[in-house]
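As they're listed, the protein sequences go chains A and B.
Terminal number for the first sequence in this note's numbering: 247, no gaps in between.
Terminal number for the second sequence in this note's numbering: 247, no gaps in between.
The hints are simulated quantities; they were obtained by calculation from the structure and are not laboratory data.
Every value quoted in this text rests on a predicted model; they were computed, and no experiment measured them.
Heads up, some of the hints might be wrong.
Here are a few chain A residues that face chain B, going by a calculated C-beta distance under 8 Å [claimed, not checked]:
no., residue
1, Leu8
2, Phe11
3, Ile89
4, Asn93
5, Leu160
6, Thr194
7, Glu201
Quick reminder that beta carbons are idealized off the backbone N, C-alpha and C, glycines included.
Number of protein chains: 2
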Amino acid sequence: MDISIFPLKNFPIINPGESLTEIIVRELKKIDLKNHDILVIAHTIVSKAENQVYNLNEITPSPLAIHIGTIQDKDPRKIEVILRNSKEIVRMNDRVLITSSLHGFVCANSGIDQSNTAGNTVISLPIDPDLSARRIKKAIKENYGLDVAIIITDTFGRPLRVGTVNFAIGVAGINPLEDIRGSYDLFGYELRSTIIARADEVAAAAGIVMGQANEGTPVIIVRGVKYSTNEASARDLIRNQEKDVFR
Amino acid sequence: MDISIFPLKNFPIINPGESLTEIIVRELKKIDLKNHDILVIAHTIVSKAENQVYNLNEITPSPLAIHIGTIQDKDPRKIEVILRNSKEIVRMNDRVLITSSLHGFVCANSGIDQSNTAGNTVISLPIDPDLSARRIKKAIKENYGLDVAIIITDTFGRPLRVGTVNFAIGVAGINPLEDIRGSYDLFGYELRSTIIARADEVAAAAGIVMGQANEGTPVIIVRGVKYSTNEASARDLIRNQEKDVFR
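Just chain A, with the same shape it has in the complex:
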C-alpha cells in the first residue's frame, strides 16, 4: 500500500463569505481525483468562507481580557475573541493561554489565529468543523460522483513535545479512530490497547506539504490510505477529561 500526498496547486485566496465548496469543486477539475482520496483542508480557509473573522476594531475587551493581555503583553481585543471562543481556561501563565475551544479542542488560544488574515482581524475555528467537512464531501459526491473523505485541520502545539503538528478538528467520511484491539501481532499476541488516531496521522502527513507560511496550499490530497468510512466526529479524538492524567 503506497501513499501519495500532493497539494491542490495555486489554490486561490479565500475571501470572507465566498463559497468554499464551489471553489474546491472547481479547483478539483485540475487533478484526477479518485474514490477514497482524502482531502485535508486547513481550517483557515473554512473559517474565512464561513465568516468566522473578527475585526479587532469592533471588539471591546472585558476586564479579564485586559488583565490577561497585560500579563502576556498581547492585544486585549484578541484575548477577548479567544475568551468568547473558549469554554474553559485549562492552563495559563504569562506566556501561554491554553483553553478548551467551544468544541472541546484543548489548544493555545482556542485556535484563534492572526496569521494569514488581512488587516486588523483574527479568525476563529469553524463553528462546526464536522458539518463543514460533510458539506464539502457532499458537494464532491454531487459533482464528481466520488466518495472521498474530508479532514479539516489546525496546527497545535503539544504537551510533552516541542513543535507544532497538524491535527484533525473536523472529519467527514472517515472514522478518525481505528480500533485494532483484538488483532494479533507477528507472534500471536493480542494487541490489547491500541486505538490508532488515523485522522491525526493523516493530518500530520498532509501538514508536511501544507506548510504554514506563504505557500498557499491549504488543500492537500492524501491518496492510498486505508481507513474506515463509518460516520464519526473529530470530537471522538478529544480525550475525556476524567480519563486524562495530564488535565
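Fit chain B to the known structure of chain A by using the hints.
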C-alpha cells in the same frame, strides 16, 4: 512537492543480536533508493537487534514493582523492567504508568512493549536511538553512496487526544524541528512562534503504512519531504519540563 510513502516489503523478522544495518542494506537492494529519502524504522527491530530484550523469567521484581503490578493487575516483572528503564514516574494510577524514559521521552511504560516479541519477553527502547540511527545512515552511505535521513519511531498515546500516533525517538541526517519563525504569511504577517515538529510529522505519516499488527513492515520509505539536514537529536523534541504547563 509530492510525497510518497511506501514500505520495504517482506522485511524479515529480526532476531536478537542480528546486524540490523546489514539486513537493511541488503533489503534496500529491492528498491530504487534515492538521495534525501527518509527511512522510518520501528524501534522494535532496532531494540531487538541491539539485544534490548528481557526474559521475564530472569527478572526479580522490587517491592515497588510488585505494588504497582497489584494495583494495575499487571505482571510485576514487566513493571520492574519499566522501572529500570525510567528516570521518573510522571503520572500513575490504577490503569496507566506514565514515565520519563532514561532518554527523557515521556510515554506509557517507558516504551516497554510486549507486542511483537516472542515468548515470555519484553523489549525496551534502544539505549541511544540517535546513535542507532546514525549507524544505519552511515552504512547506507558506505554501501549506496546516498545521503538519506533516518527516523526511529515508537507509537505513543497522547495527553488531551485519544489514540496512538507514531513519534520520532531517534534521528540521523534530519533536524527534527523546523523553525519557520521570521518567515511571512500570505498577508505579510511575520509568523512569530512556529517551530514545526518535522520528524514527528514524518513519523506519523509513516505510521499510516507501518501498522501495528502482523503486517511485518517495520521499515518505511518517505520520499519528497523537504527537511533540514543539520545534525540534531530526537531529544530536541522533548519539551523542557519547566516550560511544560502540562507537567
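Evaluated hints:
With 8 Å as the threshold, the beta carbon of Leu8 of chain A stays out of range of chain B, its nearest partner Cβ sitting at about 12 Å, so the hint is violated. Checking Phe11 of chain A against chain B by beta carbon gives a least distance of about 11 Å; that is not within 8 Å, so the hint is violated. At its closest, the beta carbon of Ile89 of chain A sits 11 Å from a beta carbon of chain B; the interface hint therefore is violated under the 8 Å criterion. Because the smallest distance between the Cβ of Asn93 of chain A and any Cβ of chain B comes to about 6 Å, under 8 Å, the interface hint for this residue holds.
At its closest, the beta carbon of Leu160 of chain A sits 5 Å from a beta carbon of chain B; the interface hint therefore holds under the 8 Å criterion. For Thr194 of chain A, the interface hint holds, since its Cβ comes within 8 Å of a Cβ in chain B; the closest pair sits about 5 Å apart. Because the closest C-beta pair between Glu201 of chain A and chain B is about 5 Å apart, less than 8 Å, the hint holds.
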